[in-house]
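A.B. asks: Here is how the chains run, residue by residue.
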Amino acid sequence: MTGTKGAPPGDAATNSRAGPRSEGRRRFLRAGAGLAGAAAAGATLGVSGGRAGAAMAAEADPTALPPNVPWWGHYLGDGVEAHPYGKPSEYEAHVVRRNVPWLTATTESSVNFTPIHELHGFVTPNGLCFERHHGGAPSLNPADYRLMINGLVDRPMIFSMEDILRFPPVSRFHFLECAANSGMEWRGAQLNGVQYTHGMIHCVQYTGVPLKVILDQVGVKPNGTWLMAEGGDASGMNRSFPLEKALDDAILAYAMNGEMLRPENGYPLRLVLPGWEGNMWVKWIRRIEVGDQPWFAREETSKYTDLLDNGKARYFTWEMDAKSVITGPCPEKPVLRKGINQIKGLAWSGRGRVKEVHVSTDGGRNWMQARLPDPVLPKCLTCFNAEFEWHGEEVLLQSRVVDDTGYVQPTMAALQKVRGVNSIYHNNAIQTWLVNQTGEVENVRLG
Amino acid sequence: MSVLANALRTGTAGAVALALGALGTVGAVAADLDPGKPYDLGRDATPEEVAGWDIDVLPDGTGALVGQGTPAEGEAIFMAQCAVCHGEFGEGVDRYPVLFGGEDTLASRDPVKTPGSYWPYASTLVDYIYRAMPFGQAQTLTPDQAYALTAYLLYINFVLDDEDFVLSNETIGAVEMPNRDGFIRDDRPDAQPETVCMTACDVPTQVVGRARIVDVTPDDDETAGLSLE
Chain W
1 MTGTKGAPPG DAATNSRAGP RSEGRRRFLR AGAGLAGAAA AGATLGVSGG RAGAAMAAEA
61 DPTALPPNVP WWGHYLGDGV EAHPYGKPSE YEAHVVRRNV PWLTATTESS VNFTPIHELH
121 GFVTPNGLCF ERHHGGAPSL NPADYRLMIN GLVDRPMIFS MEDILRFPPV SRFHFLECAA
181 NSGMEWRGAQ LNGVQYTHGM IHCVQYTGVP LKVILDQVGV KPNGTWLMAE GGDASGMNRS
241 FPLEKALDDA ILAYAMNGEM LRPENGYPLR LVLPGWEGNM WVKWIRRIEV GDQPWFAREE
301 TSKYTDLLDN GKARYFTWEM DAKSVITGPC PEKPVLRKGI NQIKGLAWSG RGRVKEVHVS
361 TDGGRNWMQA RLPDPVLPKC LTCFNAEFEW HGEEVLLQSR VVDDTGYVQP TMAALQKVRG
421 VNSIYHNNAI QTWLVNQTGE VENVRLG
Chain A
1 MSVLANALRT GTAGAVALAL GALGTVGAVA ADLDPGKPYD LGRDATPEEV AGWDIDVLPD
61 GTGALVGQGT PAEGEAIFMA QCAVCHGEFG EGVDRYPVLF GGEDTLASRD PVKTPGSYWP
121 YASTLVDYIY RAMPFGQAQT LTPDQAYALT AYLLYINFVL DDEDFVLSNE TIGAVEMPNR
181 DGFIRDDRPD AQPETVCMTA CDVPTQVVGR ARIVDVTPDD DETAGLSLE
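Residue numbers (UniProt numbering), protein chains in the order written: chain W, 1 to 447; chain A, 1 to 229.
Hints may be right or wrong, so weigh each one.
Said to hold, decoys possible - Dumping the calculated BS3-like pairs for lysine-lysine here, alpha-carbon to alpha-carbon at most 30 Å:
#1 A/37 <-> W/87
#2 W/338 <-> W/245
#3 W/303 <-> W/212
#4 W/303 <-> W/417
#5 A/37 <-> W/417
#6 W/417 <-> W/312
#7 A/37 <-> W/212
#8 W/355 <-> W/245
#9 W/417 <-> W/355
The hints are simulated quantities; they were obtained by calculation from the structure and are not laboratory data.
Starting from the given sequences, assemble the full structure and let the hints guide the process.
C.D. replies: Put into structure tokens, the structure is as follows:
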């Protein structure tokens, strides 16, 4: 009888605690296996829901479970040369960046999304960091790379990567969020998955040279008050930013999470402007010009300006307002069992540290403080978690962050009252997930 | 009581070491990124090198590449190199950007943001066209072609009314765009509650919109998860 304790999870015949929920769980597990499973269950489960728990989708092999000894307990595994650069388990193959094809005309000028619901802790693995390119992602030889600094400087200079790597480095954890993250949700609940509603964000440890150290080498003239960063890619991305930011915390980064940048993240060098919108973090940066006024480049006039209801548009909206979202449960991660469930999520602020995160299970009527496991770093993703007990009723899950400037994450109604619905950028509204009676989770709008 | 005495009293080796360090028995520590410290890295950029990459232009025309072009010249280039994506009339093919029209739409439910309706400076057009267009063949246009294309876009947006107007590095800064005054400086933070309500908050909790009904979420089951077949 000892063997039955290790039977596949969700097997009603052997799991006395599961009760009526076990069938529901089996249905989710099958749905994760693909369309056939979903059809067999007659489920109305959405596609994104169908990905739920795909890693768990395989039914366990009873011969691998106690008291049996599985095959890997008998035979040798891979040798050390099998994967000179390691990869995730084949059972994690569903943890990938995804695209929304209808958003853009081409993949070379497009965006994809980080699977934040599949991640643990606040560090995003390099291969899962969402991508945003405007002219594709070039893969260039660092021997051919040069950084030029010119304009209102004492000495226009050129640096090679060899030069850059010889400056004293700093390493800091920071989130990078696209200003358009959640931009499809202004008018209503559109995309049924947290990867799509909140996945234009990642958080890594950047290593590089403080920009102020580089500026010290060229000598900024007294009338130099603005900088323009320019990419060396086929979009020539250029953005203006004030000298104060460069002297505060800007980094010219060549590494992320301990290895050189990935090509899609700007290899070999990119700008890091902690807390500010991702578009400004120019990748494949080839030049910084010092000037005495902003440039009003295309990406800070035609794009990345926030149109208000009255037809006027805000410009230079650099800081990312404090924001949080529950990454489980979420449409991709249904509630699989009654009883104690974990709410987990991510919170961040472009202005400083996360101070508190509140979670609600009744659509914002009542809130409780979530736990904030260490570390809580400035301008960095912060994990939160809290428990809720589920008995099969409908639940409206929300999270709300307060940062150390006192800024409170607003409701969509509050945002719309000030900004209307045409802003596209800087939607940091409280997100609502509806958990229905079968445990499925849907992106909904309350009103 | 001295630091050392305190450390000895608490009796921890680490604290003793720390206290000894405080007394100056450890070696020198690297300066904390000395402000202004020269590292003797990098080299001078020559004027020729700077000229090859310094392609930006300010709103008043400062820094503009030397060149000129007219709307009439720009139309021919547009049809040959731009219309395939932007449409013969700048109407935009598929999801490629629309380049004309949109007047009086910015406060509407369906704003159309074009150079004519939205862009505050003409300098931005020539800057962007020269650095990034045509898409996939960036920085292959001559400055003259970039000015001609800019002139053409200004012409179809009724900013210029003479198809033989010579737009150049001399005149680009003087062009007045219709939406020049359409922008305000960032005035966030905004949308803040008066108090942070924690219990019995008066908020609407009726579901008024559902993503599943909107049904625009990508369907990628083919690539999702591992196959069990």
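A.B. asks: Against each hint, give a clear statement of whether it holds in the structure.
C.D. replies: Do the hints match the structure? See the list:
1. A/37 <-> W/87: Roughly 42 Å between the alpha carbons, so the hint for residue 37 of chain A and residue 87 of chain W is violated.
2. W/338 <-> W/245: violated (49 Å)
3. W/303 <-> W/212: holds (28 Å)
4. W/303 <-> W/417: The hint holds at about 22 Å.
5. A/37 <-> W/417: With a Cα-Cα distance of about 50 Å, the restraint between residue 37 of chain A and residue 417 of chain W is violated, given a limit of 30 Å.
6. W/417 <-> W/312: Within the cut-off at roughly 15 Å; holds.
7. A/37 <-> W/212: OK: residue 37 of chain A and residue 212 of chain W at ~10 Å, within 30 Å.
8. W/355 <-> W/245: At roughly 23 Å apart (the allowed maximum being 30 Å), residue 245 of chain W and residue 355 of chain W satisfy the hint.
9. W/417 <-> W/355: Holds, because 26 Å separates the two Cα atoms, which is no more than 30 Å.
Checked against the numbered hints above, the structure breaks hints 1, 2 and 5 and satisfies the rest.
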